[in-house]
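Participant: Here is what each chain is made of, one letter per residue.
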Amino acid sequence: NAGVTQTPKFRVLKTGQSMTLLCAQDMNHEYMYWYRQDPGMGLRLIHYSVGEGTTAKGEVPDGYNVSRLKKQNFLLGLESAAPSQTSVYFCASSTLDRLFLNTEAFFGQGTRLTVV
Amino acid sequence: AQSVTQPDIHITVSEGASLELRCNYSYGATPYLFWYVQSPGQGLQLLLKYFSGDTLVQGIKGFEAEFKRSQSSFNLRKPSVHWSDAAEYFCAVGAYSGAGSYQLTFGKGTKLSVIP
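Residue numbers (our numbering), protein chains in the order written: chain U, 1104 to 1219; chain W, 6 to 121.
Incorrect hints may have been included.
Stated by the list, open to error - List of simulated lysine to aspartate or glutamate pairs, EDC-like, C-alpha gap at most 20 Å:
1) W:Lys66 with U:Glu1207
2) W:Lys113 with U:Glu1162
3) U:Lys1174 with U:Glu1133
4) W:Lys73 with W:Asp59
5) W:Lys113 with U:Glu1207
To be clear, the hints were calculated from the coordinates, so they are not data collected in a lab. Note that the coordinates shown come from a computational prediction; the quantities given were computed from them, not determined experimentally.
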């Protein structure tokens, strides 16, 4: 019963380096999200996906790219990391039933990223 | 677009005292409302949710919340706080856009400290 799994859990990057964060869910959910959490800012939506092959921008998309090639995976990429991207990143997924009644989101444990 | 306001950044209560965490939302129609809890270093766990029907909803760990449409509020309550309730609490609103996508927007969070 894995739910939502994020890898890696911790990472330190140098400014300008690139990396990809992986989110995998085993609940067959349609929707997947990437958030970043910063002190005093709550969770802010970076990008989201409403299904395989589709992505959309959230509140703070600059400096990030995403891909959803498989329904169960949602990748978040940083092409050229900056210190401002130091944050804790959370992935989440939610389902969409025909009555739109079961749309709670399930979260991963987070990835703590430090850019030096 | 929807928004969520949690007016209290930090609340301190004594163990055994009652608790109320405030949440106000902005959305044109009836939204989906959630309360999540985050313990230090952990992901987010769903406490309760409101989609429709009875405006008083019960959640896990003895929490409840009341939806008040006239006040655009969804306040979280607990009659008697335990030391283990110390955590950060996030109110969230989910809503569908005209394009059919679903977004979950979070408040900035309220940190709860419990005095033994």
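Participant: Give a verdict on every hint.
Facilitator: Do the hints match the structure? See the list:
no.: 1; hint: W:Lys66 with U:Glu1207; verdict: holds, 18 Å
no.: 2; hint: W:Lys113 with U:Glu1162; verdict: holds, 14 Å
no.: 3; hint: U:Lys1174 with U:Glu1133; verdict: holds, 7 Å
no.: 4; hint: W:Lys73 with W:Asp59; verdict: holds, 11 Å
no.: 5; hint: W:Lys113 with U:Glu1207; verdict: holds, 18 Å
The structure is consistent with each of the numbered hints, conforming to all of them.
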